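J.: Assemble chain B onto chain A, guided by the hints.
Top line first, the protein sequences correspond to chains A and B.
Be aware that the first sequence starts at 1, since it is given in our numbering, and climbs by one per residue.
Be aware that the second sequence starts at 223, since it is given in our numbering, and climbs by one per residue.
These are calculated hints, taken from the structure and not from any lab test.
Any given hint could turn out to be false.
Computed far set for chain B versus chain A, every beta-carbon distance over 10 Å [to be verified]:
(1) F243
(2) L271
(3) F304
(4) H312
(5) S326
One-sided and incomplete, this derived list gives chain B residues near chain A with beta-carbon spacing under 7 Å [unchecked claim]:
(6) G232
(7) Y302
(8) R325
16 Å max Cα-Cα, derived EDC-like pairs, lysine to aspartate or glutamate [unchecked claim]:
(9) K297(B) with D130(A)
(10) K373(B) with D350(B)
(11) K11(A) with D130(A)
(12) K297(B) with E119(A)
(13) K578(B) with D492(B)
(14) K39(A) with E119(A)
None of these values were measured; they are calculated from a predicted model.
Glycine is no exception: its CB is placed at the ideal position from the N, C-alpha and C atoms.
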Amino acid sequence: MMAEAIFLTLKLALLTTVLLLLLGTPLAWWLARSRAFWKEIVGAVVALPLVLPPTVLGFYLLLLLGPQSPVGRFAAAIFGHTLPFTFAGLVVASVIYSMPFVVQPVRNAFEAIGERPLEAAATLRASPLDAFFTVALPLARPGLVTGAVLGFAHTVGEFGVVLMIGGNIPGETKVLSVAIYDYVETLQWDKAHILAGGMVAFAFIVILVTTVTDRRLRHRLT
Amino acid sequence: MNAIDARFKGRLGSFELDVAFSAPERGVTALFGPSGCGKTTVLRCIAGLERMAGGSLVVNGRVWQSASTFVASHKRPIGYVFQEANLFPHLSVRANMLYGRRRSGGGPGGAVDLDEAADLLGIAHLLDRSPARLSGGERQRVAIGRALMSKPEILLMDEPLSALDRLTKNDILPYLERLHDELAMPIVYVSHDIAEVERLADQLVLLEAGRVRASGSVGAVLADPALPLSRQPEASAIVSARVEAFDPEFGLSTVMVSGAEFLVPGQVGDIGAVCRMRIAASDVALARSRSLAGSSILNAPITRIVAAEPAGPYQMVVYLRIGPSGRGAPLLARISLRSWRTLGLAVGDTVHALIKGVALAGPA
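Next comes chain A alone, as it looks inside the complex (with noise of 0.2 Å):
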């Protein structure tokens, strides 16, 4: 049971990061670089994630995606079932709850790299789609590690967005965090120990991680 909580946790956070990644860069990109006055209100919108409590963030999440609102209905009609208490209502969770961890160092890397590049590129036949893969992206790279390593960590550490809208069902949600909890009510501090302990190494070592690659990859480009 332990383990099959460890398994789903990571299947959970790969498949996050993934969707993190294929979402969050294009959109980290459009705030970087768009000029339109309303982006900002689409930047806090995103960022709302980091200040929210997760039980409210899951509790309209919960809402959003029941099968009283269209948007769950739409879901729904998607997938075969609603998304609250399944797998895939956890996914959709942890991506709008991760988003912000992504977006923000992505658009910094993006917003350090500046016109000039770009420029270049442009005065060099590349279109600006080539220019977006060739030249933005590899020069990005730093902020898209940072945030791909931010992503998943924090999707491994959620719990309160994880209890409103995936309750507690071994193998379907029942992920790290909340075995730990449920060790802990059931007096089983072994148990909780080693998930808990596990939790902290493996905190260490992405941040510990995310410090030296950032280093290493800055240097590589100066």
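T.: Just chain B, lined up with the frame of chain A:
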């Protein structure tokens, strides 16, 4: 036929930019003026990096911009050299050089290949390095190479030397002179350094607060009495000279300028070659008669005074044309007001221009 016909009109900061000029099929057209006069903006408009609503641009017979057309930057066959080299830091020098080539279509079409470009610019030994490991001058040479490799029809250079120190500048100038000689394409060169213009430019477009103050051949504009350029302390005339002979005993070359013979130090070029000479106004004195006995001056061609203007309270700039008829190449002389009065000089007089120094300013 002009290779470039440009007109840009629009708001630029605190003033209105309204610039029209054209450039011939070959040679360097310099956009010259003080900082903030709009010269870089004009270059960026030619590249399509900036768009002025009221603009029209025709290059080699194709419309790049008009009221109804605007060709995107990446679809314009240009080579652009930025003020700071602007190399891609994540790519090697070689990959930087090939970036534009890969995107400008196969076919040999008169393009420079990697080895040729590397050779021309002296960067063959740098190809596998990262741009971070290059000096400022090397970086700028790679940037020029990268622009050339993209098969441009025109080469646009935005103050490519301004970020470099004096010594590095002098290292790169010969490469630019080679480009000038070997490239059969128009080069538009933005600069605020008159010394670069004197060495490189064939045509000069003088910009002032968003307008064209004057344009024409570099020799004519630099020696135009109506312009303040000729009254600067470092003002010079640029003339083109044909090499006639070389005397190894004294190390002097004989060159012809508008039918007048000049002796210049060094073997300036092969016999028959045409080169460009720079004669500073402060190196030219005037004499009523050619009485050079007791003088070390080698060159004292006969000239006619075509204009004279005060430069400050006590000096005069005298505008001369080589030859008794006053139809030869222009020269400038900066003399004291006292000499002007004492000699009783006047516009229309024939005088000898005693030339103390002639500098070879690169090939014509």
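J.: Which of the listed hints are broken here?
T.: 2, 3, 4, 5, 6, 10, 11, 13, 14
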